[in-house]
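Using the sequences and the hints given, assemble the complete structure.
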Amino acid sequence: MTEPADAPPRIPLGSFMALNVLVGASHGISRVLLPLFGAQLHAQTWQIGLVGGLQFGGLLLLSMPTGALIDRYGSLPLFRIGVLVAAAIYGLGLTQAHLPWQLILCVVGLGLVIPLRLVTTNTEFLHLLPHLPPAKAGWNRAANTLGMYFIGPSLGALLIAGVGFVPAFALVAAAFLGMYLVGSHALADAPPGRGQEATPLAQRVKRQIRAVAERPMLRRTMLIDMVGQMAVAYFSVFIVLYAVRHFGMGLQPAAGLITLQGALFVATLFAGGALTAHWHPERRYGVAVALLLGHAIVLALARSPLWLWTGAALLGLGLGLQQLSSVTRYGQLMKELGRGHGGGLSSMAGPAGGLTGAVVGGVLSQHFGMGAGFDVLVLLYALLALSQWRMVRQIAAVTGTGHGSA
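With this note's numbering applied, the sequence shown corresponds to residues 17 to 422, in that order.
Worth double-checking, as some hints may not be accurate.
[What the hints assert, rightly or not] Have a look at the derived ranges for each label pair, beta carbon to beta carbon:
(1) S403 x Q382: 28 to 34 Å
(2) A177 x H114: 17 to 23 Å
(3) R231 x V379: 28 to 34 Å
(4) A204 x W62: 40 to 46 Å
(5) R235 x G266: 42 to 48 Å
(6) L239 x V124: 22 to 28 Å
(7) W405 x Q112: 48 to 54 Å
(8) V179 x L396: 36 to 42 Å
Hints were generated in silico from the structure; no laboratory data involved.
Ideal placement from N, C-alpha and C gives every residue a C-beta, glycine not left out.
Here it is in structure tokens:
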């Protein structure tokens, strides 16, 4: 039995986008700071993989419970807790870390509170999505990514070069306190929780699991999201080290690879909704998978920095097209199942891929070299491309268009 969605929130879109830029920037900075800090602490490659992957672990484990908690307590209180705990870990934990296991322990703590920031903001946008024009479907993800892959990595590299790791951690902690204030304003009108009237946590989580089991299209969307995040996680965690060690690039240009990927991802999310509005989602997925397969092939065969820049560009474009279709489908799920259900499920598949891409990628890199993960991605995307080609052909046969447009 589904649960109707709540009334639309009165959240101002501009303030909400600004908040998502800040949330994304905090993760973008950590994606540069933490793996490189691990390298400075002489962590092994598999440990650096853990540092990158465990940041996704909390989202994988707690996305659905967080969605249920939103129904009881509302998004704003949970967001505030997540921000304050993250500030404490950066300011009091990472500034005192001197061994790889201490860094990993801090990353575990950060991973556990990431859902309190990401699931809450994602939930409120999906709740707002049915009341926005289709061209704005990717704006939330674009704002988040603008911070995560464009602003954050550049700031992270500048902080390392300018003040070093420990002062950088202290500055990030202070930035989280600023995010607390911005979030308190942007989410002030988010719907409150239902308190004791809300469905018990365990029952709501069971409903979310049942929704995945009963909806093939939801499972397919989550699978595509998962593989996409595997690619971007491996890229984000290892591309800087890969570029520096194997191609002699400087730290700032190497971090620019993440910036390029993020910039094209953001541009696709902002503009792609209008440009592909009349495409069938499966056709858009097909083009996305082709681009992502191309990115994996280029990086697997890379012979110079130009190959790395090309692979980063293909990853940004392909992931942007994929996300546009996924967001629309998750928005439809929100209408059917309610805020907590849709917000939790939409936030789970990506972290599963992120954790897999970073941790398994770390193991592969340890034993077979840093390019091994791209070889595996070539195989995965080749299989996904074949499946997607069949899906597009089936749609074309039904619609009689010959190209799968709706």
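Consistency of the hints with the structure:
At about 30 Å, the CB distance of S403 to Q382 agrees with the hint of 28 to 34 Å. Here the CB-CB span from A177 to H114 is close to 21 Å, well matched to the stated 17 to 23 Å. For the pair R231 and V379, the beta carbons lie near 32 Å from each other, so the given range of 28 to 34 Å is met. Between A204 and W62 the CB atoms are about 44 Å apart, so this pair conforms to the stated range of 40 to 46 Å.
At roughly 43 Å, the beta carbons of R235 and G266 sit within the given window of 42 to 48 Å. In this structure, L239 and V124 meet the distance hint of 22 to 28 Å, their C-beta atoms being roughly 26 Å apart. Between W405 and Q112 the CB atoms are about 53 Å apart, so this pair conforms to the stated range of 48 to 54 Å. At about 39 Å, the beta-carbon gap between V179 and L396 stays in the expected band of 36 to 42 Å.
Every hint from the earlier list agrees with this structure, and none is contradicted.
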